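A.B. asks: Could you put together the complete structure from these sequences and hints?
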Amino acid sequence: MNQPNINEMRGLIARHKRWDIIFAIVGLVCLLVGILTLLALFGQLVAEGLPRLKPGFFISFPSRSAEEAGILSAWVGTTLVMLVTALAAVPLGVASAIYLEEYAPKNWLTAVIEINVTNLAGVPSIVYGLLALGLFVYQLDLGQSILSAGLTLALLILPVVIVATREALRAVPGSIREAAYALGATRWQMVSNHVLPYSQGGIMTGVIIGLSRAIGETAPIITIGALTFIAFLPHPPVTGEFPYLSFAWLKDPFTVMPIQMFNWTSRPEEAFQHNAAAAGVVLLGMTLLMNGVAIWLRYRIRKRIKW
Amino acid sequence: MSETGGNTLKAEARSLSFYYGDYKALKEISLPVHDRKITALIGPSGCGKSTFLRCFNRMHDLYPGNRYDGEIILHPDDVNILSPKVDPIEVRMRISMVFQKPNPFPKSIFENVAYGLRVRGVSKRSTLEGKVEQALRDAALWNEAKDRLHDLAFNLSGGQQQRLCIARALAIDPELVLFDEPTSALDPIATASIEELMLELKEKVTILIVTHNMQQAARVSDHTAFLYLGEVIEFNETKKIFTNPDKSQTEDYITGRFG
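Top line first, the protein sequences correspond to chains C and V.
The first sequence begins at 1 in this note's numbering and counts up one residue at a time.
The second sequence begins at 1 in this note's numbering and counts up one residue at a time.
Please keep in mind that the hints were generated in silico from the structure rather than gathered at the bench.
Just so it is clear, the structure is predicted and the values come from calculations on it, not from any experiment.
Hints may be right or wrong, so weigh each one.
[Stated by the list, open to error] Here are the simulated EDC-like pairs of lysine to aspartate or glutamate, each with C-alpha atoms no more than 20 Å apart in a straight line:
| no. | chain 1 | residue 1 | chain 2 | residue 2 |
| --- | --- | --- | --- | --- |
| 1 | V | 37 | V | 180 |
| 2 | V | 27 | V | 231 |
| 3 | V | 204 | V | 173 |
| 4 | V | 202 | V | 173 |
| 5 | C | 303 | V | 151 |
| 6 | V | 24 | V | 87 |
| 7 | C | 303 | V | 111 |
| 8 | V | 204 | V | 187 |
| 9 | C | 106 | V | 22 |
| 10 | C | 106 | V | 61 |
| 11 | V | 202 | V | 231 |
| 12 | V | 27 | V | 61 |
| 13 | V | 101 | C | 178 |
| 14 | V | 202 | V | 237 |
| 15 | V | 107 | C | 178 |
| 16 | V | 202 | V | 133 |
| 17 | V | 124 | V | 173 |
| 18 | V | 27 | V | 87 |
[Said to hold, decoys possible] Here are the in silico distance ranges between beta carbons for each label pair:
| no. | chain 1 | residue 1 | chain 2 | residue 2 | range |
| --- | --- | --- | --- | --- | --- |
| 19 | C | 134 | V | 158 | 54 to 64 Å |
| 20 | V | 30 | C | 91 | 44 to 54 Å |
| 21 | C | 27 | V | 101 | 34 to 44 Å |
[Claimed, not checked] With the Cβ distance kept under 10 Å, some of the chain C side facing chain V (calculated, not the full set):
| no. | residue |
| --- | --- |
| 22 | 34 |
| 23 | 106 |
| 24 | 176 |
| 25 | 252 |
| 26 | 253 |
| 27 | 305 |
We put the CB at the ideal spot given by N, CA and C, even for glycine.
C.D. replies: This is the structure in structure tokens:
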């Protein structure tokens, strides 16, 4: 090859490489716009709320005086609602996913069901709230209770749990299924002894992602009539006398973290805004904690499994 | 028990055809499998040898749209294992399989070997331990594995994993073991140890093996069937197939002129 040709080629490469640099800069700016905005918001929230984050804030009920107000009823309410949500959504979602993925024949009916499950994940949460108001609160007469709220949020995250579980089940290779079948396993033995245990990391991740969506939901909970001012705790789930477990709390009225925040932000006094910010920090912390647990679980379970 | 030339038969395919949907993958195959001998299936890719092998444990039943025609008779009770009246699980409890790529469960070595027994309802610790040890000994893995039975199977090397899969297939006292290209994912040393193992195993159990590797068929098998386009072109004693085949197609394939 002769000299001028080589120079031409080098010029061409240099011109083309310019676009690499341009895109790298554009991409970095886009990334920073998102990250910095989030960091600024979070920083402002922390700065505003931090002075209020004292032990008393966690063990006080809401109050007319901002300095005495706390989130006791809100975090207890959120915890109990999440418990009901998880207990309802996990068995329903995992069983549905196993049926769809491992048992259901592949025909037009299951195709329609699959498309609908995916679409349900996109239904606005207020619609679930309306459905729950009609079904749980009035038809089934569960009242404006922890049970109603938990079941509503369970419906809301059911599609997320189903989709995540199916993904996790599908990640188990066909060769493992065939190995189990070749030893004489039935379908249920194959699922319960192999596919389900090997995919539990993915399933738990999906469940926790669903729960961290549910923990911040406000609209459907307001729709079914959660109260914004609760100055008492639900019945304790554990009692001193036989049978030691009580389910009275399920029917108790309640409030949750996002509603408590919403209530405070709608107050005119400046001091309540600080309370809202502090509650926001706590809610963010709860979400981060759940996501952290999801990452840790996935890491621990994946470590044993390599395909 | 049927006899041919002094050899007992363990199984027999009788004009077996197999369809993937409308595609006829196997065309009226008739083939004997001699008791406690190694029968090798050779042929170019796509000739149907794996499809044929997987008829023996009804693996095709797992996927929709597959259809068998004809019979595979399992001796000595002369049952047609392809009959819709026979539960595929019953067939798989009598005939086990070793796959192309080692596919241990992400469980301990012990639990891998014990799984077939657990499926059969064995839960007594001492029985399981005895059977697992025997299977690992039969698969020539006992010495390497005896001190780490509760380690994850994934920590074994590829060749050890395949021997573990063989132990898993042997633990259930199968009448026939199917090997689907068991060494295609292994290095030459691991391959040699698996071949040696198969020669020892045929004292106890009948083996049907699919292989891409003609030297392997020549080294280990007693009988060889050459399949092409879903048909058995030639079946005979391995020595005869590799030294003086009757059909020119067989000769072309084993001398490497096609395939």
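A.B. asks: Is the hint on residue 305 of chain C kept, meaning its closest Cβ partner in chain V is under 10 Å away?
C.D. replies: This interface hint holds because 4 Å falls under the 10 Å limit.
A.B. asks: Decide if the proposed pair is consistent with the structure: residue 106 of chain C and residue 22 of chain V, CA atoms, cutoff 20 Å inclusive.
C.D. replies: holds, 18 Å
A.B. asks: Would you mind confirming whether the straight-line C-alpha gap from residue 202 of chain V to residue 133 of chain V stays at or under 20 Å?
C.D. replies: With Cα atoms ~19 Å apart, residue 202 of chain V and residue 133 of chain V stay inside 20 Å; holds.
A.B. asks: Holds or violated: are the alpha carbons of residue 106 of chain C and residue 61 of chain V at most 20 Å from each other?
C.D. replies: holds, 15 Å
A.B. asks: For the pair supplied as a hint, residue 204 of chain V and residue 173 of chain V, is the alpha-carbon distance within the 20 Å limit?
C.D. replies: holds, 9 Å
A.B. asks: Given residue 176 of chain C was flagged as interface, is its beta-carbon under 10 Å from a beta-carbon of chain V?
C.D. replies: OK, holds: residue 176 of chain C within 10 Å of chain V, min 6 Å.
A.B. asks: Taking 20 Å as the top limit, are the C-alpha atoms of residue 27 of chain V and residue 87 of chain V close enough?
C.D. replies: Answer violated: residue 27 of chain V to residue 87 of chain V is near 24 Å, above 20 Å.
A.B. asks: Would the pair residue 24 of chain V and residue 87 of chain V pass a check requiring their Cα atoms to be no farther apart than 20 Å?
C.D. replies: Distance of about 24 Å is beyond 20 Å: violated.
A.B. asks: Can you confirm whether the C-alpha distance between residue 27 of chain V and residue 231 of chain V stays at or below 20 Å?
C.D. replies: Since the Cα atoms of residue 27 of chain V and residue 231 of chain V sit roughly 5 Å apart, the hinted pair holds (cutoff 20 Å).
A.B. asks: Within 20 Å, alpha carbon to alpha carbon, are residue 303 of chain C and residue 151 of chain V?
C.D. replies: Holds, at roughly 13 Å.
A.B. asks: Starting from the range 34 to 44 Å, see whether the pair residue 27 of chain C and residue 101 of chain V falls in it by beta-carbon distance.
C.D. replies: holds, 39 Å
A.B. asks: Would the pair residue 107 of chain V and residue 178 of chain C pass a check requiring their Cα atoms to be no farther apart than 20 Å?
C.D. replies: Since the Cα atoms of residue 107 of chain V and residue 178 of chain C sit roughly 16 Å apart, the hinted pair holds (cutoff 20 Å).
The structure does not agree with the numbered hints 6, 8, 11, 18, 22, 25, 26 stated previously, though it agrees with the rest.
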